[in-house]
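In order, the protein sequences belong to chains A and B.
The first sequence begins at 0 in numbering that gives the first Met the number 0 and counts up by one.
The second sequence begins at 0 in numbering that gives the first Met the number 0 and counts up by one.
Check each hint, because a few of them may be wrong.
The calculated lysine to aspartate or glutamate pairs, modelled on EDC-like cross-linking and capped at a C-alpha distance of 20 Å, are [to be verified]:
id: 1; chain 1: B; residue 1: 106; chain 2: B; residue 2: 204
id: 2; chain 1: A; residue 1: 287; chain 2: A; residue 2: 361
id: 3; chain 1: A; residue 1: 136; chain 2: A; residue 2: 62
id: 4; chain 1: B; residue 1: 143; chain 2: A; residue 2: 84
id: 5; chain 1: A; residue 1: 87; chain 2: B; residue 2: 124
id: 6; chain 1: A; residue 1: 370; chain 2: A; residue 2: 270
In case anyone wonders, no lab produced these hints; they're calculated from the structure.
Small disclaimer: the values here were computed from a predicted structure and weren't measured.
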Amino acid sequence: MRRTLIALGLVAVMFLGLSCERRGAGTGGGGEPIKVGVYLDLSGQTSSFGQSTKNGIEMARDEINKAGGINGRPVELIIEDEQGEPGKVTTVVTKLLRQDQVHALLGEVASTNSLAAAPKAQEAKIPMITPSSTNPKDTRVGDYIFRVCFIDPFQGEVMAKFAANSLKAKRAAILADFNSDYSKGLTQFFKQSFTKLGGTIVDEKTYTQSDRDFSSQLTAIRSTNPDVIYIPGYYGQVGVIAKQARQQGITVPLLGGDGWDAPQLWDLGGEAMNNSYISNHYSIDDPKPEIQKFVTDYKARYGGVAPDALAALGYDAMRVLADALQRAGGTDSAKLRDAIAQTKNFPGVTGTITMNAERNVDKPAAVLELKPAARQFGYKETIYPDNMTPPTTAGASPAASPAASPAATASPAAATQ
Amino acid sequence: MDYFVQQLINGLNIGAIYALIALGYTMVYGILRLINFAHGDVYMVGAFVGLGLTKLLGYTTSIPGYNADTQGHSLWGGLTLVLIGSMVGAALVGMAIERFAYRPVRKYSRMTTLITAIGVSLLIEYLFVAQLGSAQRSFPSLVKNEAFNLFGDVRISMPQIIIFVISILLMILLQWIIYKTKIGTAMRAVSFNLNSAKLMGINTDVVIAFTFALGSALAAAGGVLTAQYNPSIDPLMGIITGLKAFVAAVLGGIGNIPGAVLGGLVIGVAETMVVAYGSDIGLASSYRDAVAFTILILVLLLRPSGLLGSTVQEKV
């Protein structure tokens, strides 16, 4: 047995190289630090999301601490990697709540993982803000659970509107991730809105994240002759799906959501990602000064890497939390909860943040066009939720009229109808 | 009709990969009566060795328009090098697993070796996860990503053609090794009876090591070929694929070589057809995985020796 171990140890030596980075707690101010627990997928299947979110949160923390902390107390982050597995999320969050006794929680990106953590936070009465989980179920867990992004009913509706109004699609096929709450939510609301707008769903197929081959689903979809294919999944599978779709001669637009927003998509999908569109939380092309300042600062800090939406939402989530901590005047969990709930007109990078009664945020969505040759998302149009009035003059809404983007085809007013 | 043929091509394609992996399960079982659960992970290791080689050869990305020829390697030369390199690499890993994990426990009960196999499998998987993370990595295209119209609306892509051609060549090569070479004769002898073979002067340790090397090389070829078609690999890719290949081996009659190939193709086509026609009978496409395992249960109930397996069939 010892020999076995030695031999396998030798195998291990073959992998020398990469190693993991650990949490780094910044210090500012002089008081007792405010502990914020962060749980993310930093090494699993959706690790691009986790890394970006972590970058955004850490950047916000450093800005807050540099400015003297919150009422003189620095923010200390305790960051845990749960590899994107709901089972591990529960373990890690329990550790953060019980052992580290954090004052607030930030995380996750994938709705399924946020849903695993939310009951724990609610039970411990520790406020949790998810930066980017979009499934409505997340915040329904209880009154201590918040989010700073829009929700899937809206995201699904945005793509349905874009497909029906801007792409003039009549027939849509759907290829969804069977095990993801995010994908199920988007599918349901895309279907609802698209049929309401007069379109037909011609086929609906599913895959699982362990699938390696999507050709049979794609062959079936191809035989139904859709105008667009909606793929509300995560980048890891989407890249491969797109490649196999194009190999099969499927040339119609592929549509998706914020789950596509990761640099790995360009490696996996390559030029197959041409003629595809996603709904997202913001566009880095947006000339709004606060967005451009964030983009510049982020690039300077992270070696020229452009911030994706997950980074921007991580940044916003940390700042919304800091703002609430300031107003609550301390870390008392009930007061902090109320302060977060009272967040109003907070100027976030991803839009103005006002918590509604469901602890969600109503924000417009940007539709982006994929540009694989440049490895970039190009701005296409902005779509507002029905209960929000889009700014009427183009000048008042830089988001809706980025001069930098000749690709804009529809005005926000036309898009919301 | 076009639709059916297209789905059949898709199914045979996945099936060919299952067949390549199933051969390794079946050969090892034939010789040692051991189910080598680490075999699916050898398939994964093969794909990663291939990825390492593509990097060494200068295939840095899979960016569109990337032309390998300008980098000093012909496209086909690159594929051959990566394929052979990863097969050799995986063969070494397979032999190491046998030498250090299975040989020391070979004299103990069958259960001990089985548990060891599961342990080795988990060890390889999580060693890779710990070192590389479980995120998918993209695998560069070594062949031109084009597709041809066969007839009507039926298309076949270059990676699909490569999978068919190379897996058929490898299966013919395997058949030749087993029936026309000395080591192949020794393998067949060992599969009949290990102790008698030993008494006849056959160095059984060498034969067993060779069997592991052969099986691992085939699995690695499967890994690189799949990666040409689904250009994303990760440390846990061997779990489900390995399990399905195992089911394929059992379906064909474990220990029986043509059976493994047949089993692989049947599983591949069956799961594809679930996706293709399942919705007509109310089965969602996600039932494709369930099909492989339902087939396993049915085989075990109705024909435990498998489609081609029988007690008199010689086992290799």
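Against the structure, the hints come out as follows:
1. B:106 <-> B:204: The given pair, whose Cα atoms are some 13 Å apart, holds under the 20 Å limit.
2. A:287 <-> A:361: Holds, because 19 Å separates the two Cα atoms, which is no more than 20 Å.
3. A:136 <-> A:62: 32 Å, violated
4. B:143 <-> A:84: Roughly 36 Å between the alpha carbons, so the hint for residue 143 (chain B) and residue 84 (chain A) is violated.
5. A:87 <-> B:124: Given that 20 Å is the threshold and the Cα spacing comes to 17 Å, the pair holds.
6. A:370 <-> A:270: 8 Å, holds
Hints 3, 4 from the list above are not met by this structure, while the remaining hints are.
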